[in-house]
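*Asks:* Kindly generate the complete structure, drawing on both the sequences and the hints.
Chain residues, written in single-letter form:
There are 2 protein chains.
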Amino acid sequence: MLLNSRKRNLLISVLVGVMIWFLPPPEGVDLNGWKLFAIFVGTIATVVLDALPMGAGTLLGLTVAVCTKTMPFKEAFSGYVSEVTWLVLIAFFIAHGFIQTGLGKRIAYWIVALVGKRTVGLAYGLSFADLLLAPAIPSVTARAGGVVFPIAQSLAYTFQSRAEDGTARRIGAYLIMVAFHGTVITSAMFLTAMAANPLAAKLAGQAGVQITWGNWALAALVPGLLSLAVMPWVIMWAYPPELKATPHAVEHARRELHAMGPMSRAEKLMAVGFVGLLALWIFGPLVKIDATTTALLGLAFLLVTDVLSWQDLLKQHNAWETFIWFGALIALADGLNKFGLAAWFGNWAAALLGGTHWGVAVLGLFLIYFYVHYFFASSTAHVGALYLPFLLVGIKLGAPPLMTALAFAFASNLFGGLTHYGCGPAPILYGAGFVSLKDWWRVGFIMSVVNIVIWLTAGVAWWAWLGY
Amino acid sequence: MLLNSRKRNLLISVLVGVMIWFLPPPEGVDLNGWKLFAIFVGTIATVVLDALPMGAGTLLGLTVAVCTKTMPFKEAFSGYVSEVTWLVLIAFFIAHGFIQTGLGKRIAYWIVALVGKRTVGLAYGLSFADLLLAPAIPSVTARAGGVVFPIAQSLAYTFQSRAEDGTARRIGAYLIMVAFHGTVITSAMFLTAMAANPLAAKLAGQAGVQITWGNWALAALVPGLLSLAVMPWVIMWAYPPELKATPHAVEHARRELHAMGPMSRAEKLMAVGFVGLLALWIFGPLVKIDATTTALLGLAFLLVTDVLSWQDLLKQHNAWETFIWFGALIALADGLNKFGLAAWFGNWAAALLGGTHWGVAVLGLFLIYFYVHYFFASSTAHVGALYLPFLLVGIKLGAPPLMTALAFAFASNLFGGLTHYGCGPAPILYGAGFVSLKDWWRVGFIMSVVNIVIWLTAGVAWWAWLGY
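Sequences listed follow chains A and B, in order. Sequence positions in the first sequence follow my numbering and run 565 to 1032. Sequence positions in the second sequence follow my numbering and run 565 to 1032.
Don't read these hints as lab results, they were simulated from the structure. A hint or two may mislead.
No copy is singled out in the list; a pair is fine if it fits within one copy or between any two copies.
Unchecked claim - Subject to a maximum C-alpha distance of 30 Å in a straight line, what follows is the list of computed BS3-like cross-link-like pairs (lysine-lysine):
1) LYS633 to LYS852
2) LYS879 to LYS571
3) LYS766 to LYS960
4) LYS633 to LYS766
5) LYS808 to LYS571
6) LYS832 to LYS571
7) LYS852 to LYS832
8) LYS571 to LYS1002
9) LYS633 to LYS681
10) LYS879 to LYS681
11) LYS902 to LYS832
12) LYS766 to LYS808
*Replies:* As structure tokens, then:
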């Protein structure tokens, strides 16, 4: 029987998993941990090879984990009781409200009227909005998913670029990519721009390095702005939109804004909800209300005021699909961590680079720390598992403590750009369906190289000049 | 500003919740437990009053629970890591496979070809088809709405009986009524025949009673078959069709079967999956594979063989809607239980009925539990709210635990026949337009009396003989 390519890829994924399953686990790794690693790699293989739709493939991974009793049911499905999974789902719903009410369109036209002469101008507009909010919204998932994503999507729609009808590459795919890599960079620029950043700072403290809001922001200023400046052009080259100049867009946007007239009741309520969300995302920590609770409140407000129709939300298939696969990957990756695979890996890396000069060793550690993120479904899990061991090895080898601590902290944000599951905004922006998996990973890899070069050259020079 | 009826009902629900919130908690009830009770009653009120779609209303309940810090997030959303919730979701998916592949239709036609010579035979044929599918299709809505209903309707059309041209009473109205009350009875006969049945079993477990697939089916066998045997005749008397003999039904079914041709590849695979599921649902416990794991395996099989398309499953909005509200209600009901509220209610009701003989008291409880369903739009909401407290009272009064747990579980299905909104199949079958509202309620009440008499006489005798 001939297999079609999807079936062949499914077979390959299963074989890869089975092969790892039967290899002897490395010393210090629990047998169940190793089995879970085999399941994780097999699952990621179905995803990367597009052997099954992501929701189906990742559920299959959970099914194998449960059936083989590698993980109990409650642990395998623990991703669906994780705050970030629900934040991702609700971000899709909020974005739908932006589109549905026309508020997204209005904001999009404002931006186009302001900076819409060229596609790159739009890219800078998006990044600037993100940068402005970054110090204040510590949940990058909320910021990118709840604010930047709806605007990027609305911008795409403004230029008749949609995910579903073959017009994605017109401009939407580019804008989504820019929004994603923009948020990856802005989250690296402030201690308060990403949930795991304070964790990194705390762990650095345990290594005797004091990271403050101020020294973080100062250190990130030059490489961060440089990355933000270069990024739209790099993506323009690596993943060009069909529409590069939009000479009539400004005029068109002004005309459309005029034609839209005053805000409708639903649009006003959406604006109120949006401002409320922004306010609670910024000031919530003061009253101990986290990002997901804020999103739940926002959703409740939009449902009760009939701005959102629940029946409509049930039809947001991308939202449900993303909810399923993201929850599954989080649980699998968490499981690897719990089984001590990350700790084993840290020791292995330290042993590997033990004899070399500290410069070479730290560079090696940095690259390993960065690219092992292909195996993580959360920045927080990665930081929690590997930040401290890698930093300690670096310091032990003679690297400057503050600079090294900051470099690993920045990497802890920048590696989020590698995959479509590596950080909170990724599943949302990828899930919108504008960008193919292949392009997502390809551009992600290119941007990782660009970011590493910028942060390790201009960045290191800047930190040296600062005396770090 | 005038409020529409949904908004008015939402206001009523909120007021009910707020009122309870500010009442002093009864003695022995923790303040947080009482607050959760207020949230729970408010949430159930939105459901019963149809103030919001169920998914939206129940998520609102969770939001209030999280925001008021009555429950931590992980606890409020714990229903989404519950096996039962996932079983329900996957059951919808598997049911979709039955309908999609035509296997359900074929099975039903086989039976009609066998027993369709008279109207009553046709009625038995429909009920038998339903009975055959009942153990394997845990969504009574999918089973009755997607398999039995299309057959009942096309049979009616065969006899020139239509809803819209005054010929409904010829035979169609009778068949629709039989299909409805048949499914109400078959759903009572198997743990896996209705979405709320596993919930009842789970709640019974919290009361220390172990309900299994096997002891459920065994207990329901005699009263269930008796109800199924009597029901077509009761409806024949209470709501007679004009046409009592149907000599062409057998031929029609054979023609349809012939027209369907041989089984397609998808249908064959679905049959294999169906047999596998049945086998594992029945024999799984012997090899320590539970119902949800079985369902996960079945789903994986159907997805990998392309019998089910994941994209199609994402569009099963009823499935996602049910997943959301079911998970939410489970978590709230679990929370009440953890806070000791059910136990307190049991004590309160026990004190109320303390003087009477347990037989009288339990009969009273049973009737109240049954007929209060006029105020519910969902069996699951009813079970979630009242099953456990009523069961606890019964047990406390000295009733045999297993018998009582099963009796209330059976009632949780049988009360679905009372109204045109009381369970999932009702709006579909009523909405076909064959039966007037008055007749629907009248026949519903008559059937409720018949069912109660059968299950509480022949049923109780059978359970006593079984030693329950």
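*Asks:* So, for every hint listed, does it hold in this structure?
*Replies:* Hint check:
no.	hint	in the structure
1	LYS633 to LYS852	between (38 Å within a copy, 10 Å between copies)
2	LYS879 to LYS571	both (28 Å within a copy, 23 Å between copies)
3	LYS766 to LYS960	within (19 Å within a copy, 54 Å between copies)
4	LYS633 to LYS766	both (26 Å within a copy, 22 Å between copies)
5	LYS808 to LYS571	neither (39 Å within a copy, 48 Å between copies)
6	LYS832 to LYS571	between (49 Å within a copy, 19 Å between copies)
7	LYS852 to LYS832	within (27 Å within a copy, 55 Å between copies)
8	LYS571 to LYS1002	within (18 Å within a copy, 47 Å between copies)
9	LYS633 to LYS681	neither (58 Å within a copy, 49 Å between copies)
10	LYS879 to LYS681	neither (35 Å within a copy, 39 Å between copies)
11	LYS902 to LYS832	neither (46 Å within a copy, 42 Å between copies)
12	LYS766 to LYS808	neither (43 Å within a copy, 59 Å between copies)
Hint compliance for this structure: hints 5, 9, 10, 11 and 12 are not met, and every other hint is.
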